[in-house]
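Chemist: Residue-level listing of the chains:
Protein chains: 2
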Amino acid sequence: MDEMSVFEQRSKAFYQTHLPHISIDCVVFGFHINTLKVLLVKMKGQEKWALPGGFLNKEQDLNEAAKTILEERTGAEKVFLEQFKTFGELGRSESDLGYMPEDFWFRQRFLSIGYYALVDYEKIMPVVDEISIACEWKDINDLPEMMMDHRKIYEEALAVMRFQLNFKPIGYNLLPEEFTMPELQKLYETILGKTLSRGNFQRKMLAYDIFIKHDKGRRGGAHRSPILYSFDQDKYNHALSRGLKEAW
Amino acid sequence: MDEMSVFEQRSKAFYQTHLPHISIDCVVFGFHINTLKVLLVKMKGQEKWALPGGFLNKEQDLNEAAKTILEERTGAEKVFLEQFKTFGELGRSESDLGYMPEDFWFRQRFLSIGYYALVDYEKIMPVVDEISIACEWKDINDLPEMMMDHRKIYEEALAVMRFQLNFKPIGYNLLPEEFTMPELQKLYETILGKTLSRGNFQRKMLAYDIFIKHDKGRRGGAHRSPILYSFDQDKYNHALSRGLKEAW
Numbered sequence: 028m029d030e031m032s033v034f035e036q037r038s039k040a041f042y043q044t045h046l047p048h049i050s051i052d053c054v055v056f057g058f059h060i061n062t063l064k065v066l067l068v069k070m071k072g073q074e075k076w077a078l079p080g081g082f083l084n085k086e087q088d089l090n091e092a093a094k095t096i097l098e099e100r101t102g103a104e105k106v107f108l109e110q111f112k113t114f115g116e117l118g119r120s121e122s123d124l125g126y127m128p129e130d131f132w133f134r135q136r137f138l139s140i141g142y143y144a145l146v147d148y149e150k151i152m153p154v155v156d157e158i159s160i161a162c163e164w165k166d167i168n169d170l171p172e173m174m175m176d177h178r179k180i181y182e183e184a185l186a187v188m189r190f191q192l193n194f195k196p197i198g199y200n201l202l203p204e205e206f207t208m209p210e211l212q213k214l215y216e217t218i219l220g221k222t223l224s225r226g227n228f229q230r231k232m233l234a235y236d237i238f239i240k241h242d243k244g245r246r247g248g249a250h251r252s253p254i255l256y257s258f259d260q261d262k263y264n265h266a267l268s269r270g271l272k273e274a275w
Numbered sequence: 028m029d030e031m032s033v034f035e036q037r038s039k040a041f042y043q044t045h046l047p048h049i050s051i052d053c054v055v056f057g058f059h060i061n062t063l064k065v066l067l068v069k070m071k072g073q074e075k076w077a078l079p080g081g082f083l084n085k086e087q088d089l090n091e092a093a094k095t096i097l098e099e100r101t102g103a104e105k106v107f108l109e110q111f112k113t114f115g116e117l118g119r120s121e122s123d124l125g126y127m128p129e130d131f132w133f134r135q136r137f138l139s140i141g142y143y144a145l146v147d148y149e150k151i152m153p154v155v156d157e158i159s160i161a162c163e164w165k166d167i168n169d170l171p172e173m174m175m176d177h178r179k180i181y182e183e184a185l186a187v188m189r190f191q192l193n194f195k196p197i198g199y200n201l202l203p204e205e206f207t208m209p210e211l212q213k214l215y216e217t218i219l220g221k222t223l224s225r226g227n228f229q230r231k232m233l234a235y236d237i238f239i240k241h242d243k244g245r246r247g248g249a250h251r252s253p254i255l256y257s258f259d260q261d262k263y264n265h266a267l268s269r270g271l272k273e274a275w
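For the protein sequence lines, the chains are A and B, in the order given.
Per this note's numbering, the first sequence starts with residue 28, numbered consecutively.
Per this note's numbering, the second sequence starts with residue 28, numbered consecutively.
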């Protein structure tokens with residue numbers, strides 16, 4: 028099927044099955060061994076990249092729809108996916124699609140509800156679907172040009188995620204089951220894009236009391252083996268729902 | 028005009044001028060002398076109360092629309108109004124309006140974009156418009172029954188506002204220009220709904236370095252006059268945009 032026929036077919040189907048004016052965009056951050064990437068797609072007929080996204084089925088909850096979009100794009104289930112902001116400026120979505128007829132679904136004004144996720148990108152299988160030609164991890168330090176206001180959505184998601192590091196635990200599923208404090212620190216540093224003081228980091232982290240400390244270090248190596256930790260699942264989940272730090 | 032005619036007229040107008048399926052709800056917290064209230068409206072034909080809200084004009088930015096709704100309801104301009112979450116569960120908005128015909132604008136499925144504000148309620152003039160019969164401040168400790176999922180929206184807004192107390196300064200426009208630390212503490216305690224340790228509060232607050240300390244205390248009274256502070260406007264605004272606490 029040629030390019031425009033696919034969009035036309037989709038347009039007609041979406042008018043029946045999905046709410047107008049509402050889209051969902053997912054900023055999926057991928058971490059693996061000290062690198063942070065973001066998942067981008069390239070739609071047919073486009074040079075610029077876009078965040079993976081979709082629309083809201085008339086019969087679906089908003090959060091369910093976001094999960095569906097992420098699963099279809101990555102195969103990833105049970106991912107921590109958090110809504111962070113809705114983008115509703117005039118003109119935000121109508122640009123960059125001028126090559127499609129005006130009555131196509133994609134050409135209307137959309138508010139986009141932004142979600143973000145943080146996953147181990149080695150465990151994810153990006154999926155190229157019918158209306159895209161590529162779905163790839165891109166290094167956050169070397170991002171290509173993006174469609175519409177997707178760069179801004181990405182930047183706000185990054186800011187929110189970095190901010191959330193201060194009160195929600197991360198690391199589960201991103202680190203080996205047993206890890207050292209320097210490994211956890213490296214994860215934080217990669218996400219934050221800056222180096223942290225080692226003593227300060229360890230003191231703060233251990234004060235959160237979400238770890239199990241193991242007696243044995245890692246095997247091998249001539250030096251004193253570093254202390255291994257794992258997450259205390261109960262305490263981790265508690266901190267995830269209640270926050271790491273006690274408020275006022 | 029009778030009740031249903033007003034809704035019918037509005038329905039017809041909204042179909043022309045506003046985007047379908049998108050509503051905006053504002054949780055307006057009002058503070059004055061150690062009391063915290065929330066602004067609620069009662070629509071014609073309804074026993075339950077609702078958050079003041081409205082819809083998105085086709086020609087308006089989302090944030091502008093939220094401001095317009097708040098201004099029309101309260102006369103308040105330049106209020107700190109912050110988007111906090113979009114509510115999109117199936118069935119969230121379709122209940123409680125069964126007394127209207129099904130083809131009325133108000134009966135469709137709506138996603139609601141939630142905003143919250145914190146104002147001095149003495150400076151606000153609640154407005155009863157054409158489709159409502161009341162618009163009143165209600166004590167948060169004695170709230171009436173609310174329509175749809177508005178109680179949930181209110182509760183999430185309260186949680187977000189309380190959480191934000193940890194990293195955004197508040198108090199400007201809610202306190203007299205010069206105030207004492209006990210007065211500021213009382214504001215925090217009222218919003219948080221709990222008492223705080225005095226020494227700890229003052230230490231934390233003063234460490235934020237957003238105050239100007241005044242040499243003279245308040246006049247009158249037999250006792251040693253308490254130290255007066257005011258907000259350092261530059262530092263306050265900086266903390267408002269960048270956060271009170273340095274992150275990692």
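Accuracy of the hints is not assured; some may be wrong.
Pairs count within a copy or across copies, as identical chains cannot be separated in the list.
[Said to hold, decoys possible] 20 Å max Cα-Cα, derived DMTMM-like pairs, lysine to aspartate or glutamate:
hint	residue 1	residue 2
1	105	204
2	105	242
3	85	121
4	150	104
5	221	121
6	71	156
7	71	157
8	231	210
9	39	29
10	112	182
11	179	91
None of these hints come from the bench; they were simulated from the model.
Chemist: Against this structure, judge whether each hint is valid.
Modeler: To see whether the hints hold, each was checked on the structure:
1. 105 <-> 204: Result: close within a single copy only, 18 Å intra versus 50 Å inter.
2. 105 <-> 242: Neither: 31 Å inside a chain and 58 Å across chains, both beyond 20 Å.
3. 85 <-> 121: between (22 Å within a copy, 13 Å between copies)
4. 150 <-> 104: Within. Shortest intra-copy distance 11 Å satisfies the 20 Å Cα cut-off; inter-copy 50 Å does not.
5. 221 <-> 121: Neither way: residue 221 and residue 121 sit 36 Å apart in one copy and 48 Å across, limit 20 Å.
6. 71 <-> 156: Classified as within; 10 Å inside a copy, 49 Å across copies.
7. 71 <-> 157: within (9 Å within a copy, 49 Å between copies)
8. 231 <-> 210: Intra 15 Å, inter 32 Å, cutoff 20 Å: intra-copy only.
9. 39 <-> 29: within (16 Å within a copy, 41 Å between copies)
10. 112 <-> 182: both (12 Å within a copy, 18 Å between copies)
11. 179 <-> 91: between (24 Å within a copy, 19 Å between copies)
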